[in-house]
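Here's the letter readout for the chains.
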Amino acid sequence: MAQVELEDVSFALGATEILRNVSLTIGEGECLALLGPSGCGKTTTLRCIAGFVVPTHGNVRIGGESVVNLRPNQRNVGLVFQDYALFPHMSVRQNIAYGLERRKVGRAELAKRVGEMVAITHLDGLEDRRPDQLSGGQRQRVALARALVIEPDVLLLDEPLGALDRLLREEMQVELKRIQRDLGITTVFVTHDQEEALSLSDRIAVMFDGRIVETGSPEQLYHAPQQRGVMSFLGTSNIWQATVEAADGPYLQLSSGDIRVRVAAETRLAAGATAQVGIRPEHIRISAEPPEDAVNIVSGRIETTVYKGAHVEVYVGTAAGIEFLARQPAVSTEGGGLRSGDPVYLSFEPGNVLLFPSES
Amino acid sequence: MFEDRGFQRVVATLGWTAMAVLVFPVILTIVVSFSGSQFIEFPPKSFSMDWYANIAKINKIGEATLLSLLVASLTGIFTVAMAIPAALAIARHAFPAKAMIVAFLLSPVAVPMIAIGIAILQFFVWTGLPFNWITLLVGHVVLTSAYPVRTIVASLTLSNPSLEEAAASLGASRWTVFRTVTLPQLTPGLISGFLFAFLISFDNYPISIFLVRSGVTTMPIEVFNYISQQLDPTPAAFSTIYIVIVSAIIVLVERRFGVISLSVRG
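Residue numbers (our numbering), protein chains in the order written: chain A, 1 to 360; chain B, 1001 to 1266.
Only chain B is shown next, with the shape it has when bound in the complex:
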């Protein structure tokens, strides 16, 4: 059945349609960002770079982007650091209630973000802690913690356990085995886990909106605020820069570590 030409054609059509649906908004954004019109129109009637110059007009955009970068970087580092021991336990050991604990660790993927946001908000209100960028960081860590666990488990599952035994038989202590053999095997999982956490944190809106208070603001919040007041293509220009940078990073990392295939397999 899978060799059938008709079937293959159907699959190919579906595949290309899905690709088009995914890619079209991105292309639309890029094209619109170069438009000369005051409003978002497609196809644009004239060309201009004005909207790129206008990015600075978005309220607090520089400050907000820096905070988003800081929070996203720390989120990536913390979630990956927490995910390594969890992934090792899941991939290499049997322990009581393993299935339940694994499901719990992966649950942030399945629970709606709004629900997580409200839960975290209530938690912080209950603790009475002040709302600042650290609260935001904690929220993002909770939100993204599941992703590095998944990618690191995938890396571990693909790596050969006899490598660790070989290292031990050659005289390496447990810590040395981990440092010289296990960790290098995990690199693709660590990188892709970090990327997932970083990117989800960097453009997260629904959680952040619950956790920011006066003075603290993030890039997505300011971009949304701008969109709700203005209809010009400035956010499109901003997004285009964002898309180009992220695409470049993903291409580089994929070339070097093959992380996309890992995420698909995981």
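Next up, chain A with everything else stripped away, as it sits in the complex:
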């Protein structure tokens, strides 16, 4: 277990910059998600820590020691590949024991540690099977056991749940979190799945285009992202452009056509400045009559409703041409009383509205 630091790491292949000045510290025992669209450099970052990619600039430290000059086999990292990369010619036991054999661990000690890891990952009874005789979830657990048994300084996971189907994925999410917590191992995992990042990690680093654009706890990044791009990448959101009109008591008032919103903003922007305004669909209430106590009210017409089981997604068009998505708890009556074409009022709290000054 150790702290992992990336210091101003850049990597280029010819003229293509893949990583640009990535700096990141992963605390001891922390579980960090590298989240971003494909091609953003998150896997390359992971491979820098593992040693398969040597940065063109910058430093990588594990437990305070620089490892940039060490080959992958000289670093003590546990790596789980997206396709698991289990050795097909070896049994489950041989797969798990592989790293211990390389470390010249004695026979009794090896058997003991493999046995412990088999128990932790619930692989009891499967020790003599070959990888092709295992289900997807079992294979993943073998890959995890093989990486963990060497007691690595850091556990690296590349899209750990990407190859599993939906049900198994949720089961393994819980399992993975349990194992990570129990062992208290420093963990970095790469994912393009925001749900996976939100539910598995202590902290998320969002990457776009070779850069880390924002880091924070899942709650911080979901509820109070500093960047428009982060808000739209994490979950669904309504974001539109507006012009600052005036400060109004504790609020800042912005307008876009006939849509006026008041934002509880800390940043004071001059009148006439443009900004992006964002609101999560679950923070919008829908009512047939204008609510009396609401600070922000937008009128519109229902365009479509999409039934999602636990909730209904309602698309509302407005005169200003902005389409809103609101998420309402589903009620048992058919359509929940929401019909396409109905005039409705959308209302939301100023505290739930996010403001991103100009561009960003």
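Hints listed in this document are in silico derivations from the structure and should not be mistaken for laboratory results.
Watch out, some of these pointers could steer you wrong.
[Stated by the list, open to error] Simulated restraints, written as ranges between beta carbons of each label pair:
no.	chain 1	residue 1	chain 2	residue 2	range
1	B	Val1111	A	Gln74	43 to 49 Å
2	B	Ala1094	A	Glu195	34 to 40 Å
3	B	Val1111	A	Glu109	40 to 46 Å
4	A	Asp209	B	Leu1252	54 to 60 Å
[As the list claims (entries may be wrong)] Example chain B residues on the side facing chain A (calculated, C-beta under 10 Å, incomplete):
no.	residue
5	Leu1156
6	Thr1157
7	Ser1159
8	Pro1161
9	Ser1162
10	Leu1163
11	Ala1166
12	Gly1171
13	Ser1173
14	Arg1174
15	Thr1180
16	Val1181
17	Pro1184
18	Gln1185
19	Pro1220
By construction, the Cβ of each residue, glycine as well, lies at the ideal position given by its N, Cα and C atoms.
With chain A held as given, fit chain B onto it using these hints.
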């Protein structure tokens, strides 16, 4: 179009015709070997095992077969050993003039054997080295070198490169990675490459005929010599034994390693 019944029937007919053309001579050989006649006749009018007893009458057949086995085994071992590094380079690395070098390595497959034979003969005459079984071995290695390269490249292409990275991340040095992970992945390619080289060497005539000198002789040469002087079915009996042994080996190896599918894909 491929689901069309008529089309499927045409393909099936062509397939079975090709199979028949390939298999018929083999069946003919086996049937004739049990014939009681002094001459090769089909269908045979009587049954006998005499020709099997007569195999020993083929000139130097025991000695020649042993030499053929020795040369074929060594040819297989040498070509496979040489093919491993070549295949690794071709499958895993980019290097200058790669396409040209690959084409050159595979060229013995395309060049007529007679041409290769004459070239090797001239080479050895030019070097002034004595002609013995080692000259023969060198000739066979040149002739068969392309086949293991092909099958090993196919094995490498099918194996997952992240296996090697996984091994490295678990603490294995490059050599250990090769020994414990890469090599086992190559086994089907090594076996089928060896088999190709062995079998091509074992019954090769056109190259060997240029390279044997007095005292050194191989099985195919002696069998051909016998056929050119006698017309009885003794060579058929010999061939039948050969066919049975080779078929058994191929079936066993295919069961264990699935090498035929590999050769087709490669």
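Hint by hint, here is what the structure shows:
1. Val1111(B) with Gln74(A): 43 to 49 Å: For Val1111(B) and Gln74(A) the Cβ distance comes to about 47 Å; the hint holds.
2. Ala1094(B) with Glu195(A): 34 to 40 Å: 39 Å, holds
3. Val1111(B) with Glu109(A): 40 to 46 Å: With Cβ atoms ~58 Å apart, the hint is violated.
4. Asp209(A) with Leu1252(B): 54 to 60 Å: Holds, at about 56 Å.
5. Leu1156: 14 Å, violated
6. Thr1157: Since chain A brings no Cβ nearer than about 15 Å to Thr1157(B), farther than 10 Å, the hint is violated.
7. Ser1159: Holds, because the Cβ-Cβ distance from Ser1159(B) to chain A comes to roughly 9 Å (cut-off 10 Å).
8. Pro1161: Pro1161(B) check passes; min Cβ-Cβ to chain A is 9 Å, inside 10 Å.
9. Ser1162: 4 Å, holds
10. Leu1163: 5 Å, holds
11. Ala1166: 4 Å, holds
12. Gly1171: Holds, because the Cβ-Cβ distance from Gly1171(B) to chain A comes to roughly 4 Å (cut-off 10 Å).
13. Ser1173: 6 Å, holds
14. Arg1174: Hint on Arg1174(B): holds, closest Cβ of chain A at ~8 Å, below 10 Å.
15. Thr1180: 8 Å, holds
16. Val1181: 6 Å, holds
17. Pro1184: 4 Å, holds
18. Gln1185: 7 Å, holds
19. Pro1220: 37 Å, violated
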